[in-house]
Amino acid sequence: MRREALLDIRNLDAFYGRAQVLFGLSFHLYPGEVVALVGRNGAGKTTTLKAIMGLISATATHATFKGHSLGRLPTYRIARLGLGYVPEDRRIFTDLTVEENLGTGRRPAGDGRQPWTPERLFRLFPNLAEMRGRRGSQMSGGEQQMLSIARTLMGNPDAILLDEPSEGIAPVIVQMMAEAIRAMKAEGVAVLLSEQNWAFAAGISDRACVIERGEIRFQGTMAELMADEALRAETLGI
Amino acid sequence: MDPSFLAVQALSGLSSASSLFITACGLTIVFGVTRIVNFAHGSLYMIGAYTAATLVPRLLELSFGPVSFWAGILASAVIVGLIGIIIEVLLLRRIYGAPELFQLLATFGVVLVVQDLVVLVFGPEDILGPRAPGLRAPVDILGRRFPSYELVLIAAGPVVLGLVWLLLRRTRFGMLVRAATQDRDMVASLGVNQAMLFTGTLFLGAFLAGLGGALQIPRVSANTGMDLSIIAEAFVVTVVGGMGSVPGAFLAALVIGQLQAFGILIFPKSTLVVVFLLMAVVLAVRPYGFFGRAEVVGATHTVGIASHKPLPGRVYILLAVVAVLACFPLVADAYLLKVATEILIFALFAFSLQLLIGVGGLVSFGHAAFFGLGAYGSALAVKWSGASMEAALPLGLAFAALGAGLIGAFVVRLSGIYLAMMTLAAAQIIYAVAFQWVDVTGGDNGIVGVWPATWASGPVAYYLLTAALTLAAVLLLKRIIDAPFGYALRAARDSEARAEAIGLTIRLHRWLAFILSGAAAGLAGGLYAFSRGSVDPSLLGISTSVDALTMLLLGGIQTVTGPLVGAAALHFLRDVVMPLTAHWRLVLGLIIIAMVLIFPRGLAGTVQHWREERA
Chain Z
2 MRREALLDIR NLDAFYGRAQ VLFGLSFHLY PGEVVALVGR NGAGKTTTLK
52 AIMGLISATA THATFKGHSL GRLPTYRIAR LGLGYVPEDR RIFTDLTVEE
102 NLGTGRRPAG DGRQPWTPER LFRLFPNLAE MRGRRGSQMS GGEQQMLSIA
152 RTLMGNPDAI LLDEPSEGIA PVIVQMMAEA IRAMKAEGVA VLLSEQNWAF
202 AAGISDRACV IERGEIRFQG TMAELMADEA LRAETLGI
Chain W
381 MDPSFLAVQA LSGLSSASSL FITACGLTIV FGVTRIVNFA HGSLYMIGAY
431 TAATLVPRLL ELSFGPVSFW AGILASAVIV GLIGIIIEVL LLRRIYGAPE
481 LFQLLATFGV VLVVQDLVVL VFGPEDILGP RAPGLRAPVD ILGRRFPSYE
531 LVLIAAGPVV LGLVWLLLRR TRFGMLVRAA TQDRDMVASL GVNQAMLFTG
581 TLFLGAFLAG LGGALQIPRV SANTGMDLSI IAEAFVVTVV GGMGSVPGAF
631 LAALVIGQLQ AFGILIFPKS TLVVVFLLMA VVLAVRPYGF FGRAEVVGAT
681 HTVGIASHKP LPGRVYILLA VVAVLACFPL VADAYLLKVA TEILIFALFA
731 FSLQLLIGVG GLVSFGHAAF FGLGAYGSAL AVKWSGASME AALPLGLAFA
781 ALGAGLIGAF VVRLSGIYLA MMTLAAAQII YAVAFQWVDV TGGDNGIVGV
831 WPATWASGPV AYYLLTAALT LAAVLLLKRI IDAPFGYALR AARDSEARAE
881 AIGLTIRLHR WLAFILSGAA AGLAGGLYAF SRGSVDPSLL GISTSVDALT
931 MLLLGGIQTV TGPLVGAAAL HFLRDVVMPL TAHWRLVLGL IIIAMVLIFP
981 RGLAGTVQHW REERA
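Going down the list, the protein sequences come from chains Z and W.
The first sequence begins at 2 in the working numbering and counts up one residue at a time.
The second sequence begins at 381 in the working numbering and counts up one residue at a time.
There could be a bad hint or two in this list.
Heads up, incomplete: computed chain Z residues facing chain W, CB under 10 angstroms, no partners named [unchecked claim]: (1) Ala80; (2) Arg92; (3) Ile93.
By construction, these hints were calculated from the structure, which means they are not laboratory data.
Even glycine gets a Cβ: it sits at the ideal position worked out from N, Cα and C.
Let the sequences and hints guide you as you build the complete structure.
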């Protein structure tokens, strides 16, 4: 191994009731890299992210983040290790204002990094700066998506699990998302991205995992996946 | 009416509104965050009153003055807050994910436990608290004397509203509470320890309940009936205001306070009816109260019976059941027959509730209404028109079905916890009518002399009549559950949206289910009236509704045989276990809590689950 993996998952199984939906997934995330989980609708991308966060019942032979076992930790303890989560449906607190939403995510930064503040986040997402006092219920989908990411960044995470950030938002905002992810990466935040939008994922990711029916079909650099047209056609239909 | 009288009446309405708001505010905050309707909230209020009535006089002996008085009130509220923490850690924490029915039952178990504990700790006597130092002299309002303590209470409501507002709007705790009210998992994903948040919320809620109770001590003596009377009113306030909304609770408390203050002038005996009618009207117009919001889909959990293959040889099983029931009088004495008759009646009562809850997913918390309507319908027919038993039983059934049709028409628009609260309110209205309309219903004494026809008056004959009618009714309901009508109800229970999307008229199905269930419960009620020879308002009370729910819980909500097993189990507890102890409420409460925590499938359900697991 070239360097210590930030997030190291081996043989992840997950179940909905009695139905198994993930079968022995193994993958890792290095500090400061962007890895895309790609695959068709229903392949198990969202489930994988939820399983890592402890939001659904799952088992793995090995699951560590920064060397800490995730084991049976409750979700909030996993988040406090420095693992952020941005769910696909954004889940903004609609009764709270933009600033209050950011406040809910606030956690101290570790080891001398420059902490994220509302002001820094407003520079990253200028749209949000103009609506600090607005309630979450009065925001567009794209604005909610930005706020959801910003809220998670307020916890100063070392890595973020980002679920479908480009889903259902305008192309111009998708561009801003890509910028934001690059900016996060520049700050040293690693990103595990679940994405259906192939062009978006290809443009910002270093590596890719292709998931099909709950199993990993391919793991490698984005360049390798770009080169393997047969695999892409079979698993992604592109 | 002179203006001074109106002014004093309005002021006393304001002061009761304040007290009510302080208590209900805690209930609504706890519901907002935990999604649990805490039946034990009234018990916390009662503990607050007892604690203050005991503590404050001691403090006043040490140093007489307003400081001691108010310090004692606050200390009592803090003590109740700590009790709230204990309840959260020991019980609520384990049932946040459980179906609403179990949450309601478990917290009602706490109500029972606290009723006995309060007597054990504080003694059986009512305790009259001291008057507040410095506030003993009445003030003059337009020439009338008005207690100055009431004026302080009037101010206390808005002060508490302001402080709670500041806490929720201006502190990080409050911000997280509001966030958790909406999405608990997301709050956890942001690294917030929900357990601390929930424990803190329970402390706040219990503190407010305790404060509400402690503030009452100069006005009323602490007594063991406080818990259920305040919880019924607090339910109305939170439901009318919108579950989870603090300003809604304030507004609702104001309206209800005035309604009670002036309603008493118009209908001197019907204050209960007026309050619950307000709730019915508000919910009919605004199903989620003044400031409530629709419940998040998927936030409510329903459990119920599932489809299963018909047992092979079920005809023989049925014949065996009939044979056993028919031959039972050969071996049983009169006492056992009486017990068996009551078990059968309660099994039918529980089974009718099973149709609503297990099949329809409609958690009715006021099923006693239909049982009582059946009993009163039969008894009134006997008393006022001299009807025979053969005529009175069908009349009782029809009376209950009619009541169920009326109540059902209101509540089928609602779901989840609102439906549970609304059915409870409906039952309380009918209870109030039976209790207060003395000329017709005999009030508290009820109606006596409801005896069966001569041919059915012996224990054997009445047992056989009950067995035949119960069996016929259960088989009919079972047939309906397994018919397309039952499938439609179950489809609506499991996914309302999908059931609607395939063209099912959910409300119509649910309304018909209410009528069927009400008719069956009414038959049980009529049979019960004739077996006892009398009826009284307790048949319509909350405890009768809870009995039915307890039978379902004991027997198991997911099996068809559950109600029969549950009825037998509850009767066994009542007749055999309870007489052994002076603290039967404590025992029953602990059993209910233990069942929810350990055997949520119930007795019959657990056995069936084991069989299926082995297969």
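Exercise. Quick one: which hint numbers does this structure break? Sort them smallest to largest.
Key: Result: no hint breaks.
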